[in-house]
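Chains as they are written, first to last, in the working numbering: chain R, 413 to 975; chain G, 6 to 302; chain Y, 28 to 225.
Derived from the structure by calculation, the hints contain no laboratory data. Predicted model, so just to flag it, every value in this text is computed and none were measured. Backbone N, C-alpha and C define an ideal beta-carbon position, used for all residues, glycine too. Hints should not be assumed to be uniformly reliable.
Said to hold, decoys possible - Far from chain Y by the CB rule (all over 12 Å, computed), these chain R residues:
hint : residue
1    : F570
2    : R706
3    : F776
What the hints assert, rightly or not - As a list, the in silico EDC-like pairs of lysine to aspartate or glutamate whose alpha-carbon atoms are at most 16 Å apart:
hint : chain 1 : residue 1 : chain 2 : residue 2
4    : R       : K773      : G       : D36
5    : G       : K105      : G       : D89
6    : R       : K620      : Y       : E43
7    : R       : K761      : G       : E53
Read off the chains here:
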Amino acid sequence: MATQATADLDQNAGIKQTVPRRLWLGVLHDWVTTVDHKKIGLLYIGYAVFFMVIAGSEALLIRIQLAVPNNHFVSPQVFNQLFTMHGTTMVFFVGMPILFGFGNYLVPLMIGARDMAFPRLNAFSFWISAFGGLLLYFSYFGASGLYGAGSAPDVGWFAYAPLTAQIFSPGHSTDYWTLAVLLSGIGSVGTAINIVATTICMRCPGMKLSRMPLLPWLYLVTSCMAFVAISPLTAAQIMLMLDRYVGSHFFDTQAGGSAVLWMHFFWIFGHPEVYILVMPAFAFANEIIPVFSRKAIFGYPAMVAASVGIGFISFSVWAHHMFSVGMGSGPNTFFVLASMVIAVPTGIKIFNWLATMWGGKIHFTVSMMFAAGFLFQFLIAGLTGIMLAAAPFDWQLTGSYFVVAHFHYVLVGAILFMIFSAFYYWFPKMSGHMLSERLGKWHFWIFFIGFHLTFDFMHIPGLLGMPRRIYTYEADRGWQIWNMIVSSGAIFQAIGILLFVYNMIWSYFKGPIAGPDPWDAWTLEWSTTSPPPDYNFAVIPTVKSRRPLWDLKHPDDPDSHYE
Amino acid sequence: MLVLSITCGIFLVVGGLLLYAMLRYRHRPNDVNAAQEPAQIYGSNQIELSWTVIPILIVVMLFLATARVILATEDAPKPTSALDVTVIGHQFWWEYRYPKLGIVTANELHIPVSDPKHPTPTYLTMSSADTDHSFWVPRLAGKTDLIPNQVNTMWIDPNNPGLYLGQCAQYCGVQHAKMLIRIYADSPADFAAWVSHQQGLAVENPSAAEGRKIFQHNACISCHTVAGTVATGRFGPDLTHIASRDTIASGSVPNTAANLRAFVDNPASFKPGALMPPMHLNDHDLNAVTAYLMSLK
Amino acid sequence: MSEAAIIPQNASPAWELPSRGIVGIVCLIVAEAAIFIIFIVAYLYYLGKSLTGPTPHDVLQLPIFTSICLLSSSLTVHLAVSALHHTRRGMCSLWLAATILLGGIFLAGTAHEWYQLIYHDGLTIRTNLFGTTFYSLVGLHATHVVVGLSMLCLALFFSLTGVMSSKHTGRLEVLSLYWHFVDAVWVVVFTVVYVLGR
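Please model the complete structure; the sequences and the hints are all you need to start from.
Okay, here's the thing in structure tokens:
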């Protein structure tokens, strides 16, 4: 080889080979210009964790304000900005990035590919999303002053019209919301296109779709949902901007426009969006639960069918967010039916996970502890969802803290718990070091207590009549004790998150070396080093079953005999 | 109740099974066969079929029960003995009009108690003058939204007299939290008395003449109505009988002279973001106007 | 577990997967179609609900000529792809130029129609609900035509300067799929706005 010969020559000539020191600038340049799916995945994840801390702090401020009635910790204007920013940040700049980040990292590895289908589109998607997040927070500085009213947006994360019209929201705060979310949407669609093209076009030889692990399958379904779901939001936001700046009348009720039309467009996006957020959590569960139960996933074809089913049905349930709007008994009844039907495939998934654990040998590592929490909490969240699907029940409870408790049960209790589980499971692969199990257990228990203190008890003020999005409440409604308990749980959760961030930083430098396959798992990402080299695999593998590493480890009883 | 019992049942069964599986099948450190993997079971058609069919049946049952309630509530014919009230939502107060009785008031709704044997419910016809609002009095009914350029209807049917509290349940802007609802379900006699009092024009108390003059020479009359005077503004609440109300600022503070004075001086002292601007009256005028308002019983 | 487990390499039957470019553009088309559907829903929802101003019946005329131009451009772009596939670069450039010309005529026709509507009929985006939904829907489509034409011009440039060859047929086909989508959207918009709505 030319370089080897040159090196020998140099050595022989006695010229000292200086290895250039990697300057910080060089490292930064590498990360900013990277198109490698693994680095982009880590950028997404790091970015999301950063915003999670910010949005979590916003939640903490909200809970301090609501801990006692008629509190003056923050003004009404600031409170309204806090809940808007908390919701918008958590959905678009924590949830979407972290889930697409894991997808970016894992999907090519699990299907035996070297990268995503469109690496430069991948990088573009990340940077435009990141810009959106910065734009949203710039509103704290930029939206007031020059043009008057408004600082950060304060219209709620679903920004109902006509509150968002120029007359009710002057200044630029609403525009920052609209543009930031629009940009994030473009990034998400870009990543979704990448994931679909990658899973369909870049699987390694032998990996028919029926042999593809469930994680890429669920990311495929999620991404298909993303194209169809994010576009209505983009369209509605274009219409909102036209209304605000060009004088069009899409949502202008004075000109005959309809406030309800915004609701329809938003929720046609909004409901599939929450399924887009939860499907990756299912994907993680599909990989983690089998490995720690030491059994294959029960009912692979049913899992695929249920996921596709959920994907489709999720587009037909949106108006269960609008039961109190006055659509009439016909539409209300239809949406009740659709919302209840979606419980069937969702339930099937829970039963399959149960059956996977049944008869297994469950190892309760921290990752599995979080997955166990996920199973119980997702069950409860689904059941309160069924309650809300019954429209008469919903007429009392929509717009109240019962709904807030329900959706946080899904977002935190199911999705965030599963994200933590995924961190503990795949951090060794990504960094080469194991996360500390001891710190992890502290993290789990403290967060678990905080989660239940807050979100179990949050159902009660809702049942007692407390609406959402109120900056304070009267002392004579009987809500104060519950609010105090809810607020106290927030402190535990904050401590839990800080422990988690500390664990990641400490373990990156000092954690035990992980090796390629610390969990004795069965999918392709565990067949390469930790962390994987830039090219992922030295040789592109050929697979014969759903669990290629199981086949290797058990040549007498490979999966390929049973599929 | 059906919904609650079914969901509780599912929780106990599935949750119980999950808990059992986690305890019974956990890896034990003293396991002799630790290195051996458990039997790999990939699926079972019978089991999977049954846990698809049973949930479908449960869903059908729940749906039919729910649909029945929806149709009974939403498609029920309007009761003939109902009292008609028109509700208009504003940022951040409630306007109530009784079209057949010629009454206009704000924030405190008086309705007759309804005898189950001869019901006299109140039929609300609702819309909004600005953004979306929602009318929610939990002890009386579920919520219904008030949407601009759209009319929604609902009815309430209290069987017991008393005060029912609620508040706006759709985020409508800065003071959404202080858009409180107070519904007074009065006995028939009390209600009749209230109606006849409200139907009267504004009380003309000579001792409040100075305050009345100041009121009528200021911007007050462009937003507020005082029946029988030159004040015919419709942007703000009707003040004809304001002194007869228990609270001001849409239920958020008690209706006392001190509070009234503070509110007129600067609404932002109770409700920052309320659309009424501070009136910039000097102390003498402020006292006079307060006395005038307190005289409007 | 040893380093990098080697998965056995057996000669498997030819492992062919769909082209990334085609899958990618189909996904993009689905996403864009969803945006158009929302604008069309808004158009249909507000039909007949304008409080004032000119109605579709008053001011709209069927844009037959420009529509024929746009729809024929689908044919010409298909011929361009086919020509490239058979390494007839001259013909490819010719058909690309024809596509751009036909698309350009469509845009010019739209511009002329809008000029008439704004200055002679007094219909702008802020006039009434019809104006709002009409200009936004047709404008969104026109924006997509502009983007498509820019890409086609780029392709024409590459074709004329000899940079493009038959191995790039796949990429030109991806672009042509986008162009077919733009035409298909016009069919729907034409039907909804000029036929049903009037």
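For each hint, the structure was consulted:
no.	hint	in the structure
1	F570	16 Å, holds
2	R706	16 Å, holds
3	F776	22 Å, holds
4	R/K773 x G/D36	10 Å, holds
5	G/K105 x G/D89	7 Å, holds
6	R/K620 x Y/E43	11 Å, holds
7	R/K761 x G/E53	10 Å, holds
The structure fails none of the hints (numbered hints given earlier).
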